[in-house]
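*Asks:* If you're matching positions, the sequence shown starts at 1 in UniProt numbering and goes up one per residue.
In case anyone wonders, no lab produced these hints; they're calculated from the structure. All values derive from a computational prediction rather than experimental measurement. Hints are not guaranteed to be accurate.
In silico lysine-lysine, PhoX-like type, Cα no more than 25 Å apart, as pairs [as the list claims (entries may be wrong)]:
(1) Lys7 with Lys100
(2) Lys22 with Lys8
(3) Lys15 with Lys52
FRET-style restraints, in silico, Cβ to Cβ [as the list claims (entries may be wrong)]:
(4) Thr101 with Met136: 20 to 28 Å
(5) Gly70 with Val158: 52 to 60 Å
(6) Ala122 with Lys52: 23 to 31 Å
(7) Asn56 with Ala146: 47 to 55 Å
(8) Leu137 with Thr101: 41 to 49 Å
(9) Glu160 with Lys85: 50 to 58 Å
(10) Ala9 with Arg149: 55 to 63 Å
(11) Thr101 with Ala9: 34 to 42 Å
(12) Ala161 with Asp120: 55 to 63 Å
(13) Val53 with Lys8: 15 to 23 Å
(14) Gly123 with Ser19: 14 to 22 Å
(15) Arg42 with Tyr153: 44 to 52 Å
For each residue, glycine too, the CB sits at the ideal point set by N, CA and C.
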Amino acid sequence: MAVTESKKAIVAQMKETLSEAKGAVLIGYSGLTVAQATELRRKMLAEGVEYKVIKNTLTRIAANELNLEGFSEHLEGPTALATSKEDAVAPARVIEQFIKTTDKEVVTVKAGIVEGEVMDAAGIKAIANLPNREGMLSMLLSVLQAPVRNVAYAVKAVAEAKPAE
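Based on the sequences and whatever the hints tell you, model everything.
*Replies:* Structure below.
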């Protein structure tokens, strides 16, 4: 009886985690050493990403109750979940950077959720290459400033040009 109640609590917590997360990534971690796991956890923590090993069956129940189509089919083998409530891209970005820095692929991306949409591993890898929010805002600002800057350069060039004699 107490076991069932604790499992219900875990499912409720997992539903809350998945529904509040802007970004989540399912990670396969077979072959990960303790040192590598510690390094990965530190990188996650630095980016504000929560990382925890999950129970596949209980997570599958939570995903099905939230109607996350195509998410539960990736819940096989050793699985961890990285989630972020702030930045939808942060979990994918940290995982991809970690995969690039490790010698062999001991960590694999299984699937993920970005802004409520379930994505496969290829989609998560594509999103991981996007800049963070501040980077995107600076790019947008640069694009918006370009026409004004070009007009200013043209006016300056006209003002500095010597009239033909």
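*Asks:* Now, for every hint given, state plainly whether the structure supports it.
*Replies:* The hints, checked one at a time:
Only pairs whose Cα atoms come within 25 Å are accepted, and lysine 7 paired with lysine 100 is rejected, the gap being roughly 36 Å. About 23 Å separates the Cα atoms of lysine 22 and lysine 8, which keeps this hinted pair within 25 Å; it holds. Pair hint lysine 15 plus lysine 52 holds up; C-alpha atoms about 14 Å apart against a cutoff of 25 Å. Between threonine 101 and methionine 136, the C-beta spacing of about 24 Å keeps the proposed range 20 to 28 Å intact.
As the Cβ distance of glycine 70 to valine 158 is approximately 59 Å, the hint placing it in 52 to 60 Å holds. In this structure the hint that alanine 122 and lysine 52 lie 23 to 31 Å apart at CB holds, the actual value being about 24 Å. Checked against the hint of 47 to 55 Å, the pair asparagine 56 and alanine 146 passes, with Cβ atoms roughly 50 Å apart. The hinted range of 41 to 49 Å is not satisfied by leucine 137 and threonine 101, whose Cβ atoms lie roughly 27 Å apart.
For the pair glutamate 160 and lysine 85, the beta carbons lie near 53 Å from each other, so the given range of 50 to 58 Å is met. For the pair alanine 9 and arginine 149, the supplied restraint of 55 to 63 Å holds, since their beta-carbon distance comes to about 57 Å. Between threonine 101 and alanine 9 the C-beta distance comes to about 36 Å, which sits within the given range of 34 to 42 Å. At about 58 Å, the CB distance of alanine 161 to aspartate 120 agrees with the hint of 55 to 63 Å.
Against the hinted window of 15 to 23 Å, the Cβ-Cβ separation of valine 53 and lysine 8 comes to about 20 Å, which satisfies the hint. At roughly 20 Å, the beta carbons of glycine 123 and serine 19 sit within the given window of 14 to 22 Å. Range check, arginine 42 to tyrosine 153: Cβ separation about 46 Å, and the 44 to 52 Å hint holds.
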